[in-house]
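K.L.:
The residues making up each chain are set out below.
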Amino acid sequence: MQPTRILAGAVVVASLIAAGPAAAQKKGGDIIALLYAGLNSVDPHFTGTYPARSMILPMYESLMTVDENGGTIPLLAEKAEISADGLTYSFPLRKGVKFHNGKEMTSADVKASMERYAKISPGRAAMDPVASFEAPDKYTFVIKLKTPSASFLDRLASPTSPATVIPEEEAAKEVNKTGNISTGPFQFVEWVPDSHFRIKRFDGFVKRDVAGEKMTGYGGPKTVHIDTVTFRVVTEASARIAALEAGQAHLVEDVPGPAAERLKSNPKVRLYDMPTFQMPVIYLNHSLGPTADIKVRQAIQAAIDMEEAMGAAAAGAPYVVQHAWVYKGHAMYSDAGKALYNINNINKAKELLKGSGYKGEEIVFNVGNLGFMTRYSVVVQQALKEAGMNVKVNTMDLGTLFSISNKDEAWHMTTSGFGSQPFLGPYMYQQITTGPANLARRKGDTALEAAWAKFDGTRDMAVKQAAWNEITQRTYDEVYFVKLGDLGMKYAAVSNLAGFRAYPGSLRFWDAWLE
Amino acid sequence: MGRYLAGRLLSTLIVLIIVSFISFCIMQMVPGDPALVMAGAAAPADEVQRIREQFGLDQPFHVQMLRWYAGMLQGDLGQSITLGRSVVTAIVERLPSTIALAFLSFLITLVFGIVAGVAAALKQDSWIDHTIMTVAVIGVSVPSFWIGLIMIIGFAVMVDWLPAGGYVTIAESPALWFKSLVLPSIALALLQMGLLARITRASMIEVLRQDFVRTAQAKGLPRWIVVGKHAFMNVMIPVVTVIGIVFSLLLSGSVVIETVFSIPGLGRLMATSIVTRDYPVIQGALLITAAMFVLINLAVDVLYAYLDPRIHYD
Amino acid sequence: MPTLTHAFTTTDAPRRGRWKNSAWYRLLRHRMAVIGFVFCLAALLMAGFADVLATHNPERTRIRDAFQAPSPAHVLGADHLGRDIWSRVVYGSRISIGIGVATVVLTGVIGAAFGLISGYFRRLDDPLMRVMDALMAFPGVMLAVAITAALGPSAVNVVIALTAVYVPRTARITRASVLVVREMDYVQAARALGAGHTRMILRHILPNSLGPLVVQLTFVFAYAVLSEAALSFLGMGPPPPTPTWGNIISDGRDYLREAPWICLYPGLAISVTVLGLNLLGDGLRDVLDPRMKVTQG
Chain A
3 MQPTRILAGA VVVASLIAAG PAAAQKKGGD IIALLYAGLN SVDPHFTGTY
53 PARSMILPMY ESLMTVDENG GTIPLLAEKA EISADGLTYS FPLRKGVKFH
103 NGKEMTSADV KASMERYAKI SPGRAAMDPV ASFEAPDKYT FVIKLKTPSA
153 SFLDRLASPT SPATVIPEEE AAKEVNKTGN ISTGPFQFVE WVPDSHFRIK
203 RFDGFVKRDV AGEKMTGYGG PKTVHIDTVT FRVVTEASAR IAALEAGQAH
253 LVEDVPGPAA ERLKSNPKVR LYDMPTFQMP VIYLNHSLGP TADIKVRQAI
303 QAAIDMEEAM GAAAAGAPYV VQHAWVYKGH AMYSDAGKAL YNINNINKAK
353 ELLKGSGYKG EEIVFNVGNL GFMTRYSVVV QQALKEAGMN VKVNTMDLGT
403 LFSISNKDEA WHMTTSGFGS QPFLGPYMYQ QITTGPANLA RRKGDTALEA
453 AWAKFDGTRD MAVKQAAWNE ITQRTYDEVY FVKLGDLGMK YAAVSNLAGF
503 RAYPGSLRFW DAWLE
Chain B
798 MGRYLAGRLL STLIVLIIVS FISFCIMQMV PGDPALVMAG AAAPADEVQR
848 IREQFGLDQP FHVQMLRWYA GMLQGDLGQS ITLGRSVVTA IVERLPSTIA
898 LAFLSFLITL VFGIVAGVAA ALKQDSWIDH TIMTVAVIGV SVPSFWIGLI
948 MIIGFAVMVD WLPAGGYVTI AESPALWFKS LVLPSIALAL LQMGLLARIT
998 RASMIEVLRQ DFVRTAQAKG LPRWIVVGKH AFMNVMIPVV TVIGIVFSLL
1048 LSGSVVIETV FSIPGLGRLM ATSIVTRDYP VIQGALLITA AMFVLINLAV
1098 DVLYAYLDPR IHYD
Chain C
3 MPTLTHAFTT TDAPRRGRWK NSAWYRLLRH RMAVIGFVFC LAALLMAGFA
53 DVLATHNPER TRIRDAFQAP SPAHVLGADH LGRDIWSRVV YGSRISIGIG
103 VATVVLTGVI GAAFGLISGY FRRLDDPLMR VMDALMAFPG VMLAVAITAA
153 LGPSAVNVVI ALTAVYVPRT ARITRASVLV VREMDYVQAA RALGAGHTRM
203 ILRHILPNSL GPLVVQLTFV FAYAVLSEAA LSFLGMGPPP PTPTWGNIIS
253 DGRDYLREAP WICLYPGLAI SVTVLGLNLL GDGLRDVLDP RMKVTQG
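Protein chains in written order, with our numbering: chain A, 3 to 517; chain B, 798 to 1111; chain C, 3 to 299.
Extracted from the complex, chain A is given alone in its bound form:
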């Protein structure tokens, strides 16, 4: 096997890293973080939500992970070696890494973990190209693929539903029956559902120590200064803020705009902006009723005032009105699709409707009961009504919302938000725009499939960029989704919390300390 590409640790240190005085880092202290949502499972292979990542990723590590900008880097693997034919991925493992139970991590553990992941994880589709998992020796793990896939490694690294490594004997356990053991810098203390989740520093933690690497994303050499972190779920934003102001919490998520404005003048509080938290979008059903008609979809695209819709979604939080499926500043950012974004023209929409086969049929708009979704849905609904569409809104919880949108029937429009896709990069859009699970319920869009084949089949960045532009343009031309803009999130923390950096992945409490 001839390694052709070696993916080493992040060489480029993310510019985001705040240069803190190295000497000031203080050991000890307990942090209370208030989250807006809880988690339903602590199974390392069965989670896939933002709050779950905040609580779980301090404890669990994976072979590969992502850096500050969503790029793929090794974590438990020293590096990843890919054979010339792109079919064999070989991972030399770091030696001497200890699990929380004291056992050393070996290839047998990795193999068992990956097998469990491929069986039960919501992200198991990432393992579809896998032919076999092999553990040739104690410190080498090998994955063989059926067909080459340029984005396989990225998928393996994705923290969305992370492919975490747990001890072999743990991997034999059923969903939700595992004992929260991995190799991360924190270890599990307790979980009281809907109340709190507590972790403490793992003193036996073996940090990644490769010359030149710095802490970035979920990787690099991580150091824990604080003793414990308690995550409490406080769903009411006012209660979260009040607790922070009263000194009962150290960090709170999702600070509403007006509260952030007020907190600016509070010297005991420091605000953190994460301008790229997610992209609010609307899915359109290509296989049912009015939205199967391209003209109707274009009318929807033309009718909405994105400034108004994003203003509503944000309700005072930071936002950007921008067309691309990646954030500004991403290597793949381009003008593709721009002309069809934020047309904001009701008359144009009316015209498009006139030219369509639309006769006032009911358009079912399913709205999730998450704050930003209900907020922007109001603006969207209003615009479509003005354009002459008969929109029927159904509000529902996210579980129901997405289980309905997974089928061809019973919906035309669905609120959603892309969180990990724009952060991790273009490859994340492949599964949601092509194949049987595409979110637009589109059947056989050969033009788009060809563009994706071009994208996945090359490592030449120029070709990749061209393919990506084609993909973006196609999704705009065919109105796969209506993108509203980029939505940020604000955090607030006590001002003596040092070293904390907002990150689209989740909250992170390593390399942070209390002054």
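Be aware that one or more of the hints could be misleading.
[What the hints assert, rightly or not] Beta-carbon label-pair distances, calculated as ranges:
no., chain 1, residue 1, chain 2, residue 2, range
1, A, Lys409, B, Ala968, 42 to 48 Å
2, A, Glu176, B, Leu904, 40 to 46 Å
3, C, Arg132, B, Phe858, 44 to 50 Å
4, C, Thr200, B, Leu807, 31 to 37 Å
5, C, Asp187, B, Phe1029, 35 to 41 Å
[Stated by the list, open to error] Once the Cα atoms are required to be at most 27 Å apart in a straight line, the calculated DSS-like pairs of lysine-lysine come out as:
no., chain 1, residue 1, chain 2, residue 2
6, B, Lys920, A, Lys270
7, A, Lys270, A, Lys28
8, A, Lys466, A, Lys148
9, A, Lys121, A, Lys100
10, A, Lys330, A, Lys202
11, A, Lys202, B, Lys976
In case anyone wonders, no lab produced these hints; they're calculated from the structure.
A quick note: this is a predicted structure, and the numbers were derived from the prediction, not measured.
Glycine is no exception: its CB is placed at the ideal position from the N, C-alpha and C atoms.
We have chain A already, so just place chains B and C on it with the hints.
P.N.:
Below, chains B and C without anything else, positioned relative to chain A:
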């Protein structure tokens, strides 16, 4: 008395069977395929099938019902869809905070409700009476979750005395535990306080009118003895009977109050389960709260029978 | 069998004669009842003339106006989407009061029917009342929440859920008065003269049991408004952007401190309406049914 008790036990049993049936019916009311609704977004077909089989949703109605009752008799109310534990475990985990909240709230209700009611009755038609009764009727008219929100602004944000939300277990810190329960207990107690004050006042006035109180007064016994000894004990009888109602109202209120104050109790379990369509949990929570209510009433009725020998059993 | 409804229901003495005129008269002399009636009337007028009273389209967003404090442009301020709070509260009264009225009508008809059947046909009494006992064993809001969770959030389903909660209480009260009325001399006489069941129930029993029923339904109205608000607050009511009082409060809870007017006014509207209904109910009870002490929840 024995026959009364036996009859009372029998009817309690029948009511419990019906209560359980109604709880069972909740999942049957879900339009479409409950398994699909419960399994949610990322669920593969075999997960949906697993849920369908677990709850026997592919079985005919009577088979599902028999399974439900059989499970119930073994203390098994099924498995939560989203919490990764059994329904009984999920409920038992959350009972302590709800019980603490209900208990504190109940204490506030009893003390303030009875004192206010007695005071109003003793000073009938005075300004004290009018004020208390006005406050009481306002108390039963104001939505508790709204008062909770207003109190958050007042006590937690403006003067910073009490936490605005979140719950601390008694094991972590008894002082913080108590502080975290003060605002929600008051918000929750308001309605019951109003109700209890009104009931106490009405029964107190009735008792004060009765012959034995008048006789005692005529005999020249000091008023506080008359009121304290004769009247008060008699007032307690109707008050005891509302304990069940107060309990039921507390649990009703806990659904919104625990949401407003982020308390991980039974009410919030219910509120989150409706969002996640965790029907087994909804069914279980309904069944257990109703069963508690029925049993409390049984206890109250038996107590009542001892307290008030005038009761006629039919 | 004494149950806890014992303390609340009527065990009352017969009312005689042409009570109606004097009842109206006494009601008008009842100061609290008149105040309550005025509050209720105000709420009803608000609902009836919402389109006249509203200054803005209640669903029209205008992000520029978001979080505006009360001002001449928005008399009660604007919410997080720049919608006018006054207009939303005014239109919200339609939904909230509409749900209340629908619940009262449904509960009145079904509850009275069950109560009459139970009290009149003694053989059906026991089974019917056990079912009612079972329904009453559930904490009201919890049962309503469970039913709307199963059926889906909508105004109609809220009415169904609240009806399921309040029918048993209403049936019990009707039954109690039927039990008294059916023993009254002239009812016994009518029966002796061979009046049929339908005629007996509709001509003799029902009219004489109306007093407690009307009182109870006034309270059901009050509870329905409160419960609807709670259900909407939990996201189980009519879906947004429909303005209901509970929805408006729910919308404003994230901005309690910075924009308290969003939560404040719909809460006041609920409180005043429910207070009005409670005062009216108290007055009606004093007038129609003086022995009935306190209602139940």
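K.L.:
Determine for every hint whether it applies to the structure shown.
P.N.:
To see whether the hints hold, each was checked on the structure:
1. For lysine 409 of chain A and alanine 968 of chain B, the hinted distance range of 42 to 48 Å is satisfied, since their beta carbons lie about 46 Å from each other.
2. About 44 Å separates the C-beta atoms of glutamate 176 of chain A and leucine 904 of chain B, a value consistent with the hinted range of 40 to 46 Å.
3. Between arginine 132 of chain C and phenylalanine 858 of chain B the C-beta distance comes to about 21 Å, which lies outside the given range of 44 to 50 Å.
4. Taking 31 to 37 Å as the suggested C-beta distance range, the pair threonine 200 of chain C and leucine 807 of chain B conforms, at roughly 34 Å.
5. Here the CB-CB span from aspartate 187 of chain C to phenylalanine 1029 of chain B is close to 40 Å, well matched to the stated 35 to 41 Å.
6. Proposed proximity of lysine 920 of chain B and lysine 270 of chain A is contradicted: the alpha carbons are some 52 Å apart, above 27 Å.
7. For the hint linking lysine 270 of chain A to lysine 28 of chain A, the alpha-carbon distance of about 19 Å falls within 27 Å, and the restraint holds.
8. A threshold of 27 Å between alpha carbons decides the hint, and for lysine 466 of chain A with lysine 148 of chain A the separation of about 22 Å falls inside it, so the pair holds.
9. At most 27 Å may separate the alpha-carbon atoms for a hinted pair to count; lysine 121 of chain A and lysine 100 of chain A meet this at roughly 25 Å.
10. As the CA atoms of lysine 330 of chain A and lysine 202 of chain A are separated by approximately 37 Å, the hinted pair breaks the 27 Å bound.
11. As the CA atoms of lysine 202 of chain A and lysine 976 of chain B are separated by approximately 26 Å, the hinted pair is consistent with the 27 Å bound.
When the structure is compared with the earlier hints, violations turn up for hints 3, 6, 10 and for no others.
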